[in-house]
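Position chain B relative to chain A; hints supplied.
Listed below are the residues making up each chain.
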Amino acid sequence: GDSVTQMEGPVTLSEEAFLTINCTYTATGYPSLFWYVQYPGEGLQLLLKATKADDKGSNKGFEATYRKETTSFHLEKGSVQVSDSAVYFCARTKRAGFQKLVFGTGTRLLVSP
Amino acid sequence: EAQVTQNPRYLITVTGKKLTVTCSQNMNHEYMSWYRQDPGLGLRQIYYSMNVEVTDKGDVPEGYKVSRKEKRNFPLILESPSPNQTSLYFCASSETGTSNEQFFGPGTRLTVL
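Line by line, the protein sequences are chains A and B.
Under my numbering, the first residue of the first sequence carries the number 1, and numbering increases by one thereafter.
Under my numbering, the first residue of the second sequence carries the number 1001, and numbering increases by one thereafter.
Be aware that one or more of the hints could be misleading.
Stated by the list, open to error - Derived DSS-like pairs (lysine-lysine); straight-line CA-CA distance at most 25 angstroms: (1) A:Lys100 with A:Lys56; (2) B:Lys1071 with A:Lys94; (3) B:Lys1065 with A:Lys94; (4) A:Lys49 with A:Lys94; (5) A:Lys100 with B:Lys1071; (6) A:Lys100 with B:Lys1065; (7) A:Lys56 with A:Lys94; (8) B:Lys1057 with B:Lys1069; (9) A:Lys52 with A:Lys77; (10) A:Lys100 with B:Lys1017; (11) B:Lys1057 with A:Lys94; (12) B:Lys1065 with B:Lys1017; (13) B:Lys1069 with A:Lys100; (14) A:Lys77 with A:Lys56; (15) B:Lys1018 with B:Lys1057; (16) B:Lys1018 with B:Lys1069.
Stated by the list, open to error - Across the chosen pairs, the derived CB separations fall in these ranges: (17) A:Thr5 with B:Lys1017: 30 to 40 angstroms; (18) B:Glu1053 with A:Pro113: 50 to 60 angstroms; (19) A:Ser79 with B:Ala1002: 42 to 52 angstroms; (20) B:Thr1015 with A:Thr12: 37 to 47 angstroms.
These are computed hints drawn from the structure, not numbers from a lab.
Cβ atoms here follow ideal geometry from the backbone N, Cα and C, with glycine treated the same way.
Same shape as in the complex, but just chain A:
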């Protein structure tokens, strides 16, 4: 079935380090792909999205590229800040033309000064 797999956390980095959080998805249909972020005590917020192969989503210094050949949508940021500490969720639509989201299990990022 449709699923999303994320790397286990927590990911612990020092400020200004390079960040990669891996995400792969099952190759059924032509899903839209998303990264959501959850700050402590809050609901999820959309960070970025990509709707077709080779699209790159970007926001707040974060980027992810929709790679159909590797079924991946890895999240990257060149220089993390303490304020980036949060839980990051990768998600896909269940199938093309269908709105339901399937989420990964989330990856906690901890950035220290």
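What follows is chain B alone, placed relative to chain A:
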């Protein structure tokens, strides 16, 4: 301010005592959804609604009910809560369309004793 509101934010109850968690959005969105978030499992969809009077089961609907009598409201009802329904619950809404951002409420932390 565009937002999704949930009430209550925190609730401790006992097994079998019926409860309702309210969800309301002010963005005139057609699509609304309930999720539960559990450690190691990410977010799982409970129920969703494509529009007024149109609801359908998600991945984990057992023990829950919903209704959509008005476009802005989508309450989640637990007729006879059990301890395995202890979780963090999120309501979300969006415009219809697979690439549209889902807006999340702040969450309701429910404990069933």
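Here is how each hint holds up against the structure:
With a C-alpha separation of about 21 angstroms, the suggested pairing of Lys100 (chain A) with Lys56 (chain A) holds against the 25 angstroms cut-off. With a C-alpha separation of about 24 angstroms, the suggested pair Lys1071 (chain B) and Lys94 (chain A) falls inside the 25 angstroms cut-off, and the hint holds. Between Lys1065 (chain B) and Lys94 (chain A) the alpha-carbon distance is near 22 angstroms, which keeps this suggested pair within the 25 angstroms criterion. Distance restraint check for Lys49 (chain A) and Lys94 (chain A): the Cα-Cα separation of roughly 15 angstroms lies within the 25 angstroms cut-off, and the hinted pair is therefore satisfied.
Restraint check for Lys100 (chain A) and Lys1071 (chain B): the C-alpha separation of about 18 angstroms stays at or below 25 angstroms, so the hint holds. With a C-alpha separation of about 18 angstroms, the suggested pairing of Lys100 (chain A) with Lys1065 (chain B) holds against the 25 angstroms cut-off. A distance of roughly 20 angstroms separates the Cα atoms of Lys56 (chain A) and Lys94 (chain A); the hinted pair therefore holds under the 25 angstroms criterion. The straight-line distance between the Cα atoms of Lys1057 (chain B) and Lys1069 (chain B) is roughly 17 angstroms, inside the 25 angstroms bound, and the hint therefore holds.
Restraint check for Lys52 (chain A) and Lys77 (chain A): the C-alpha separation of about 21 angstroms stays at or below 25 angstroms, so the hint holds. Our distance criterion of 25 angstroms between C-alpha atoms is broken by Lys100 (chain A) and Lys1017 (chain B), whose separation comes to about 30 angstroms. Proximity of Lys1057 (chain B) to Lys94 (chain A) is assessed by CA-CA distance (about 14 angstroms); at most 25 angstroms being required, the pair is judged to hold. The straight-line distance between the Cα atoms of Lys1065 (chain B) and Lys1017 (chain B) is roughly 14 angstroms, inside the 25 angstroms bound, and the hint therefore holds.
About 21 angstroms separates the Cα atoms of Lys1069 (chain B) and Lys100 (chain A), which keeps this hinted pair within 25 angstroms; it holds. For the proposed pair Lys77 (chain A) and Lys56 (chain A), the alpha carbon gap of about 13 angstroms is at most 25 angstroms, so the pair holds. Note on Lys1018 (chain B) and Lys1057 (chain B): the hinted pairing holds, with a Cα-Cα distance of about 20 angstroms set against a maximum of 25 angstroms. Distance restraint check for Lys1018 (chain B) and Lys1069 (chain B): the Cα-Cα separation of roughly 20 angstroms lies within the 25 angstroms cut-off, and the hinted pair is therefore satisfied.
Taking 30 to 40 angstroms as the suggested C-beta distance range, the pair Thr5 (chain A) and Lys1017 (chain B) conforms, at roughly 38 angstroms. A C-beta distance of roughly 52 angstroms is found between Glu1053 (chain B) and Pro113 (chain A), which places it inside the suggested range of 50 to 60 angstroms. Distance hint check: the CB atoms of Ser79 (chain A) and Ala1002 (chain B) are about 31 angstroms apart, inconsistent with the given range 42 to 52 angstroms. A hinted range of 37 to 47 angstroms for the beta carbons of Thr1015 (chain B) and Thr12 (chain A) is consistent with their spacing of about 39 angstroms.
Checked against the numbered hints listed earlier, the structure breaks hints 10 and 19; every other hint is satisfied.
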